[in-house]
Amino acid sequence: MTVATAPSPAVTGTPAGGPARRRRVLRWLLPMAPALALLALFLAGPILWSVYIAFTNETLTGSASVNSQFVGFDNFVRMFGDPNFVNSFLLTFVFVIGSAVIGQNTLGLIIALLQRGRGRVTRSVVNGVVIGAWVMPEIVAAACWFSFLAEDGTLNAALGISQEWLYTAPMLAVILANVWRGTAFSMLVYSAALSEVPPDLVEAAAVDGASPWRRLVHITLPLIRRSIMSNLMLITLQTLASFGLIYALTGGGPGTASQTTPLYMYEQAFRYFEIGYGSAIALVMLVIGALFSLVYLRLIKVEDA
Amino acid sequence: MRRSLAGSLVLLTALTAAGCGGDAAQESASGAKELEVLYKVEPTWPHLEKMLRDAKKQYETAHPGVTIKLTPVQGNNEAYYTKLALLNRSPDSAPDLYYHDTFQVNADVAAGKLAPLDDYLAKWPDWNTQFPDSVKQAAKGADGKIYGVPISTDTRGLWYHKDVFAKAGLPVPWEPKTWNDVLTAARAIKQKVPDTVPFSMYSTKIHGEAATMQGFEMLLYGTPGGTLYDDTQQKWVAGGKNFTDALTFINTVYREELGPKQADAHNAKLADKVNLEWFPAGKIGISLDGAWTAAAWKPTSTKPWPEWKDKIGWTAMPTQNGEEPGAVSMSGGWVMAMSSYAKLKQEAFDFITVATNKENSMTYSVSTGDLAARKDVAADPKYTADNPSVKFWTDLASVTHYRPAYEAYPKVSAQVQEAMEAVTTGSRTPEEATAAYVKALPTAVGGADKVLAR
Numbered sequence: 001m002t003v004a005t006a007p008s009p010a011v012t013g014t015p016a017g018g019p020a021r022r023r024r025v026l027r028w029l030l031p032m033a034p035a036l037a038l039l040a041l042f043l044a045g046p047i048l049w050s051v052y053i054a055f056t057n058e059t060l061t062g063s064a065s066v067n068s069q070f071v072g073f074d075n076f077v078r079m080f081g082d083p084n085f086v087n088s089f090l091l092t093f094v095f096v097i098g099s100a101v102i103g104q105n106t107l108g109l110i111i112a113l114l115q116r117g118r119g120r121v122t123r124s125v126v127n128g129v130v131i132g133a134w135v136m137p138e139i140v141a142a143a144c145w146f147s148f149l150a151e152d153g154t155l156n157a158a159l160g161i162s163q164e165w166l167y168t169a170p171m172l173a174v175i176l177a178n179v180w181r182g183t184a185f186s187m188l189v190y191s192a193a194l195s196e197v198p199p200d201l202v203e204a205a206a207v208d209g210a211s212p213w214r215r216l217v218h219i220t221l222p223l224i225r226r227s228i229m230s231n232l233m234l235i236t237l238q239t240l241a242s243f244g245l246i247y248a249l250t251g252g253g254p255g256t257a258s259q260t261t262p263l264y265m266y267e268q269a270f271r272y273f274e275i276g277y278g279s280a281i282a283l284v285m286l287v288i289g290a291l292f293s294l295v296y297l298r299l300i301k302v303e304d305a
Numbered sequence: 001m002r003r004s005l006a007g008s009l010v011l012l013t014a015l016t017a018a019g020c021g022g023d024a025a026q027e028s029a030s031g032a033k034e035l036e037v038l039y040k041v042e043p044t045w046p047h048l049e050k051m052l053r054d055a056k057k058q059y060e061t062a063h064p065g066v067t068i069k070l071t072p073v074q075g076n077n078e079a080y081y082t083k084l085a086l087l088n089r090s091p092d093s094a095p096d097l098y099y100h101d102t103f104q105v106n107a108d109v110a111a112g113k114l115a116p117l118d119d120y121l122a123k124w125p126d127w128n129t130q131f132p133d134s135v136k137q138a139a140k141g142a143d144g145k146i147y148g149v150p151i152s153t154d155t156r157g158l159w160y161h162k163d164v165f166a167k168a169g170l171p172v173p174w175e176p177k178t179w180n181d182v183l184t185a186a187r188a189i190k191q192k193v194p195d196t197v198p199f200s201m202y203s204t205k206i207h208g209e210a211a212t213m214q215g216f217e218m219l220l221y222g223t224p225g226g227t228l229y230d231d232t233q234q235k236w237v238a239g240g241k242n243f244t245d246a247l248t249f250i251n252t253v254y255r256e257e258l259g260p261k262q263a264d265a266h267n268a269k270l271a272d273k274v275n276l277e278w279f280p281a282g283k284i285g286i287s288l289d290g291a292w293t294a295a296a297w298k299p300t301s302t303k304p305w306p307e308w309k310d311k312i313g314w315t316a317m318p319t320q321n322g323e324e325p326g327a328v329s330m331s332g333g334w335v336m337a338m339s340s341y342a343k344l345k346q347e348a349f350d351f352i353t354v355a356t357n358k359e360n361s362m363t364y365s366v367s368t369g370d371l372a373a374r375k376d377v378a379a380d381p382k383y384t385a386d387n388p389s390v391k392f393w394t395d396l397a398s399v400t401h402y403r404p405a406y407e408a409y410p411k412v413s414a415q416v417q418e419a420m421e422a423v424t425t426g427s428r429t430p431e432e433a434t435a436a437y438v439k440a441l442p443t444a445v446g447g448a449d450k451v452l453a454r
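Protein chains in written order, with the UniProt record's numbering: chain X, 1 to 305; chain D, 1 to 454.
Please note that the accuracy of each hint is not assured.
[Said to hold, decoys possible] Chain X is nowhere near these chain D residues, computed Cβ spacing over 12 Å in every case:
#1 Glu78
#2 Leu84
#3 Val109
#4 Ala166
#5 Asp264
#6 Lys309
#7 Glu347
#8 Val390
#9 Asp395
#10 Val399
#11 Glu407
#12 Ser413
#13 Thr429
#14 Val438
[Said to hold, decoys possible] Here are the in silico distance ranges between beta carbons for each label pair:
#15 Lys123(D) to Ala143(X): 47 to 53 Å
#16 Gly75(D) to Leu172(X): 44 to 50 Å
#17 Ser90(D) to Met32(X): 54 to 60 Å
#18 Lys303(D) to Ala143(X): 33 to 39 Å
#19 Ser90(D) to Pro83(X): 47 to 53 Å
If you're looking for bench data, these hints aren't it; they were derived computationally from the structure.
Glycine residues also receive a C-beta, built at the ideal position from the N, C-alpha and C atoms.
Let the sequences and hints guide you as you build the complete structure.
Structure follows, in structure tokens:
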């Protein structure tokens, strides 16, 4: 409740301009004040707090939970020196590239392309199936895939073999499950984008003798490039933070074979009670997400130029 | 205008404060007092809840005006520790009383979450007459005060299947004298009784403290001078030969495929597989586990198996090379603890005395198979009636060790689990895993000056 003493933007931000200008600013600020206050309280507050925590040795229990100390960059030094963090970082990269950038993105685009010009019934059925997987809660999707891939699961029963998929190929399992669950989002984005592509442009190219592949590469894709970048950015951020699916499916195991950074963070913060260290990991993930976004935004600009 | 803005902010803050603090008052509008009790429940482990429901009824009858609010946490021990630690972050969410694993007690004492009970215990006759001195230490803080009343205690050792042993040509009763005897028996089972798991132990992170205590420490404390903590120098021991030897045992089990398959070794439900599936089906030879294992086969269990008394044997875990005293065991247990935030402390303590009275302790011990903390329960024929193994496990107390349950212990335990898991999967050799432990230990215990190099 220390927030009561936090200065409100309206109080501190009085400009030095004339009375007319001041009145204009106030007229703008007054209706915004509750929203700004709420944002400061519930968004900026926790974020700043967690940034601060990342530089302390705060724990959930033990003496460091009552008098935690500022430890500077110790948490970050420790993180980059921990092979388990480096491992989790690489796995996160594999997971994002495999399940989002390649899997969901490509599959979503393919389904959207194949649906063009199909009958209403076909479209409804395909959309229904794909979106069905998407609306399913993460944990339910994980349970489905668990029963599919488990040793006594559906896949082994269908193939007539005994294979411990979740143990032998945990990353493949979580990537497939995430592609299965998340493709609908990309499909919807691309369906919308493709409907904006003028049919006469594509037809004209066809008349000129361009093959379907060339029409796709030289006409359709350039026209929807902004959607591609926005989609990539959104699914990358979603996948970067993906936790429930992997946690329920493999728990990050066996060993650390599928322990992506969010799972590593959970383990440190909530199993080993290292809140400070966990926050430092969260901060690094935030930076990684921002970097990814910057790259995509940059690409959009380059394309536009 | 600015004043009205400030006014609205104050109002907003006040509303938020009211929202956050709404739970703080323990007395509801009707004037009734309420005590919240936090505990854990699993589908295959409903025993504690039964006992607490009885205790709630007895307490509410005897204390009109006070209600007991039972708050269960669904899930395994690890989920329970996390939930409790999170609730304990704020006085508003902290439960008044909770079921607490003794190895977490000192960390919570250091954090100021627990209330010392000495003043109340001094006025409770049962404490002096019914609780043995060894058991009283279960939740003793570093400051010498008592922070919980024991609900149960335990010992650990080997359970084995007599039919499997007969098929493997092994003697029954079986009395291994060294680690090698255990491995030799497991090898014989692997060779002569295929389709069975020769030997099972917990050795992966998913089993948490069970891996550390039932698994690693049962080995380490059976090596000559093996310990995690040097009491005389008050420092944590950094690896050394004892540590590597214990890891080598685990490594041997998994490299020679004498243990469960890797997928099972990493399965959170391994205990259920071993006790509810494999033992009744004769699919396992030896299991390194706790005294409570037989509770899985009782009539009150989810899968009763009355034949277990004829089929199952039990024996002590031997020391590494048969060193004195010949056997090793580890003991811990659970206590009922009181939050330092509890407002109604006397009422809360009264509930502890009800929950740990003879009747309720009996209910708990008989159904869980944990060893009774109270003398009158241990002496009651009803306590041993259904379980011929109880005397053996109780007697193991003569060779038992206690964990160095200091504040840093949970973090040290986590590092032990890392090392165990690495040799279980084979990603590291025992020497490499020990080296990694040595490297991680100073961070876990809060400084290189708290570590004793070996």
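Worksheet entry | Least C-beta distance between Glu347(D) and chain X, which was stated to exceed 12 Å | 25 Å, holds
Practice prompt. Quick one: work out the minimum CB distance from Thr429(D) to chain X and report holds if it exceeds 12 Å, violated otherwise.
Written response: 15 Å, holds
Practice prompt. Examine each Cβ of chain X, and state whether all of them lie more than 12 Å from the Cβ of Ser413(D).
Written response: 9 Å, violated
Discussion item. If we take the beta carbon of Glu407(D), is the closest beta carbon in chain X still more than 12 Å away?
Written reply: Violated, since 5 Å does not exceed 12 Å.
Discussion item. Verify this label for me: Val399(D) is non-interface relative to chain X, using a Cβ-Cβ cutoff of 12 Å.
Written reply: 31 Å, holds
Practice prompt. With 47 to 53 Å as the target window, see if Lys123(D) and Ala143(X) comply at their CB atoms.
Written response: 51 Å, holds
Practice prompt. Just tell me: holds or violated, for the beta carbon distance of Lys303(D) and Ala143(X) against 33 to 39 Å?
Written response: 23 Å, violated
Worksheet item: Beyond 12 Å from chain X, beta-carbon-wise, is Leu84(D)?
Response: Violated, since 9 Å does not exceed 12 Å.
Worksheet item: Taking C-beta pairs only, is Asp395(D) more than 12 Å away from all of chain X?
Response: With a cut-off of 12 Å, Asp395(D) remains clear of chain X, as the shortest Cβ separation is near 35 Å.
Discussion item. 54 to 60 Å was suggested as the range; check whether the CB atoms of Ser90(D) and Met32(X) agree with it.
Written reply: 31 Å, violated
Item to complete: Beyond 12 Å from every chain X Cβ: check whether that's true for Val109(D).
Response: 9 Å, violated
Worksheet entry | Distal placement of Val390(D) relative to chain X, Cβ over 12 Å | 33 Å, holds
Of the numbered hints given earlier, the model fails hints 1, 2, 3, 5, 11, 12, 16, 17, 18, 19; all others are met.
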